[in-house]
Amino acid sequence: MAISSSETLALPPLQARRGLQAPPWLPGMWLMAPTVLFLLVCFLYPVLHVMTLSVTAQTVDGANVDGWTLANYTRLFSVDLYLRILLRTLRIAALACVCCVVLAYPLALGIARGTPLMARLVTVAVVAPLLVNVVVRAYGWSAILSRNGALNQVIKGLGIADNPGQLLYTEWAVLIACVHVYLPFMVMPLAQAISRIDRSVEEAARIAGATRLQTFWRVVFPLSLPGLSVGVSLVFSLSAAAYVMPQILGGNFSPLLGTLIEQQIVSLSDWPFAAAIACLLIVVVLASNIVFLRFFNRRFARWTAGAR
Amino acid sequence: MNHTINPWLRGVIVLILLASMMPLVVPMMMAVSDTPNIVFPPRGFTLKWFSKVLHTEEAQASFLFSLKLAGVVTLVSLALGIPAAAGLVRFRVPGKGAIVGLVLSPLVVPLIVTGVALLQVFSMLGSHATFLQLVIGHTVVCLPYVVRSVTSSFMLVNASLEDAASVLGASPAVVARKVIWPQVRPGVLAGGVFAFIVSFDDYPISMWLADGNHFPIPLYLDSQIQLSFDPSIAAISTLMIFFALLLVLVIEKVFGISIARLAT
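For the record, the sequence lines run as chains A and B. For what it's worth, the numbering used here labels the leading residue of the first sequence as 1, then goes sequentially. For what it's worth, the numbering used here labels the leading residue of the second sequence as 1, then goes sequentially.
These are calculated hints, taken from the structure and not from any lab test. Glycine is no exception: its CB is placed at the ideal position from the N, C-alpha and C atoms. Hints are supplied without guarantee of correctness; some may be wrong.
[Unchecked claim] Restraint-style ranges between C-beta atoms, simulated for each label pair:
no., chain 1, residue 1, chain 2, residue 2, range
1, A, Gly67, B, Val254, 52 to 62 Å
2, A, Arg218, B, Leu47, 47 to 57 Å
3, B, Leu156, A, Gly165, 20 to 30 Å
4, A, Gly67, B, Thr130, 32 to 42 Å
5, A, Asp66, B, Val254, 53 to 63 Å
6, B, Ser171, A, Val266, 30 to 40 Å
7, A, Ala63, B, Val254, 54 to 64 Å
8, A, Gly67, B, Thr56, 46 to 56 Å
9, A, Lys156, B, Lys52, 27 to 37 Å
Please construct the entire structure, taking both the sequences and the accompanying hints into account.
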């Protein structure tokens, strides 16, 4: 009795709504409409506006000149200073990726292969600093890396060098802070990828006589590449777009694309050129996502086919 | 076969974690140093820098302003994000892929560019509603986190429970309140907490949209770093670190959301 009544009465929810005259997706549209409208007006329109600004206006003698122009882009790619800033941005983003990969593997292994207690401790220790404001962490690094900072005091105290130079206001400071701040974004996808690897595969390698290092290099590493590509794309695009760390730790000596945008607008009011830099930044971030997630994942799939 | 982590590896893990704690620990040590300028290792012990900061009116005002802004942004993000997530999961809407792309795209566009774009449009409109501008700017960035988190909990909702409830005579409102809400709540809480933190911590968007009367705490901290060199900056940093710790504890105890879940 109970079974037959549930069979006749419990209609699948989607089909139940199909019988009405209005299209079945209309209520869904109403639910999403405010958010879609909000993002179209307050996000997509402003970003597209900046993009068009970069090709329809330029500043000549402090006044905006309208009309289609690529002058902002030719300036961006022909002036040596801007090219150097672009290269520095890409270099720091690439180096941050490399450092994060090296540091993230031990942590990810600790999360994915450690005891439950260890996994939890490492996760919390990796993720908790994310909740601390990025300005605070940048300040912390400046307190460590400045001329009288903690690092130099330790170096002097240990008698390694009498008058060590400072790392603050150099590319190194920006790199160190980027690695610190974006490390969690490498660790978490890697840990997920490693925990999905079947342990019996590792056991098989060990029984077959592989050392721990060989097991890692020939088994765990190739199988973790999907997680690695997610982490690399995140760290690369976050570092390339970083603003706060270069601003506080790089000073005026090593601006990145983000700091260059701010300079152009705040100091020079050159909106069209700043818009062109902004577009370049978007392109760099999108390209890194496409390259690392699409292209590399396909390569990785072929590579890992051998490892399976 | 033993699966415990190799002692060498464990040592490396401990070292990396210790190094990553340094930028949080060093300011704390400096904040209690009894010298008028920043020195390391700290000398003496004093809490005077903390009392100096706590009695600074601008610091208080910035902190309270950030709390208010983050609170409003969280409410607006939830009000927009929960229905959108429900719509995305529950209905086969034409153009769903495009809508998902639109909702998640603020995560891809660099924050500094989003801020510039908003400032450009606001100044074109001649807007002076700074608080509204900040709420709009922060909500754009917080929405994707809310939608993602709520969407994933909506996908776990067990449809047969809803059918059972309505077969037994529950009205749609009762089903929503008593059957759907308890299952979606964890995702809503996680999304709300994340929106609050993202808004409270934001620098690159506020930088463009704030003014002297609407000055979020990250901007205040940055302006102090540029201006002064006494340990009161270290004291503000320490207070903000403790505030973050407090948030973690509240999140874990009251909401029962693990930080690991927040991050993923």
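| Out of the numbered hints, which ones does the structure contradict? | Checked against the structure, the hints that fail are numbers 3, 6, while the rest are satisfied.
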